[in-house]
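Going down the list, the protein sequences come from chains L and Y. Under our numbering, think of the first position of the first sequence as 1, with each following residue one higher. Under our numbering, think of the first position of the second sequence as 1001, with each following residue one higher.
Note that these hints are calculated values from the structure, not bench results. Check the hints yourself; a few may be wrong.
Taking lysine-lysine pairs in the BS3-like style, the calculated list, with each CA pair at most 30 Å apart, reads [unchecked claim]:
no.	chain 1	residue 1	chain 2	residue 2
1	L	K203	L	K283
2	L	K270	Y	K1211
3	L	K169	Y	K1105
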Amino acid sequence: MRKEDKQKYGRSLKDGLLMLAILCCAFFISLLFQHIFRVQEHITTIFVFAVFLISIFTEGFLYGIISAFLGTLAVNYAFTFPYFALDFAIPVNLISGIIMVAIAVFTSAIITKLKNHEAVQIESERETMRANLLRAVSHDLRTPLTTIYASSTALLENSRGMTGEQKEKLLEGIKEDAQWLVRMVENLLSITKIDSGQVKITKTPVVLEELIDSVILKFKKRYPHQEIILKLPEQVVIIPMDAILIEQVLINLLENAVQHAKGMTKLSLKVWEEETQAVFEIKDDGCGILKKQLDSLFVGGELTEYEAADSHKKNAGIGLSVCATIIKAHGGTIEAANRKSKGAVFRFTLDTERIWDDTE
Amino acid sequence: MIQNKYKILLVEDEDNIRNLVATMLDTAGYQTILADSCTAAKTLYVSYLPDLIILDLGLPDLDGLHLLDFVRKDSLTPIIVLSARADEADKVGALDRGANDYITKPFGSGELLARVRAVLRNNRFSAQEGRLPGGRFLLKDLEIDYDGRRVLLKNQEIKLTQTEYNIMALLSENCGKMMTYAAIIKAIWGGSAQEGSIKKLQVNMANIRKKLGDKPGEINYIVNELGVGYRLNG
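Using the sequences provided together with the hints, build the complete structure.
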């Protein structure tokens, strides 16, 4: 709330200064015209133009109308007979005043409408993005559900004719797809937690080593054969975060490498401190990321394009946009790049916290 | 033989999950008693006095925590909480009210049975041996000499500070039980779990883990559950 107030205040200060600046310009230009060129006729036009500009560049009606009044006064006071005195008896002054106010009101009205229109458009774009995401998700949900449903019915109804090996295969399929569904649902929960209500995440201090410990244990449960080369700072690092969410970012990024980096032989996770920040780096030596995907990697809306119909088990788009959303909500940055040699690298940062010296 | 089976009271309102867990337990050689509500569970608990309770927190009639309180009033029967809520606050709440461990849904069969075994074993161990003076705690290569206030790893003494030793002793006395931050802080420093004291605990813990040679991502002596607490892996 306070931040919003501050923003509002800053905005009106800026608008007010802008108004004064434009009016001063108009005033001096008019003085110039009057004294050097000895021309009188354009002075009202100059002020009308000033009012017009102010109405365009400030928010709402207020500044336009104020500047119309100030303009009328200035023209009346300085540039019409009697000079440097106010005189409202002359109908010409009154008419130019009314015209200025009218211009201010209409211009502001048009600009406001235009701005609203833009806001609606942005909102509808977001809506489209969400719809795309939803479509991709429901498609992606249906595939593993089909496996689970079909395999379990097959086992229930025809298990007699099956060999032990066949049964095992079906069960393995059920397990794999169920695990995949669990991860997908976790991702969706995180997105809705952050994206929808703009709920502020609650950060608690977490020891880096414990975080990595927990992440790697979970990762190993899913991919027991994937080795991870680990490098952490020697000293204790404490980072305020929503641990469940950051855990998910790390697991998503590691999993992303396992599923998408073809030909990978080495996967590494490195964390180091840079001043008040911790930098997390996930590096692989696989096939790298396609150039055209690199720009839109963290944007969920784009994922439908390369998530073609056969993309079962490739929720990279969703996973990565979840990562971006989570890191952004923590006030950190995330980036992806291709390594010079081979493979891809993902990096994100989080603010660290000073720790207590007395451990006793 | 049947009399020698452990009795496990399973409280879960969802039929599918109850059947599933019951099957897992039956095939592993436990005797299961089934309840689908808090009220039914209370009656069954009183008449059967089970060795272990597996409790789902979201029950139709009353919150599962009611049963937890009811049992803890006069008994130390181990309780494993089964919960769909991935929220730390719920886990911590249940543990602080006396639950021995928890499992978050969805879980695998191996995971569930491992927890059941661990809880039953530790309960029997502490019930029989108590903590006698001159007692020793042994776990794989780890040895704690309570009288000498020493911790040994592969017969080599590990230099721990007073606080670090106290934490190790506490965890070993509650081996296998998930100890929340609040429980440890209360036992070691006697205060409540504020952010500052949690940080103090975390830093001490990091040092202990390093001294024990625990490496992140491997099966270690001390297991950490982010935002919840620590457990000595029994």
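Hint by hint, here is what the structure shows:
no., hint, result
1, L:K203 - L:K283, "27 Å, holds"
2, L:K270 - Y:K1211, "22 Å, holds"
3, L:K169 - Y:K1105, "24 Å, holds"
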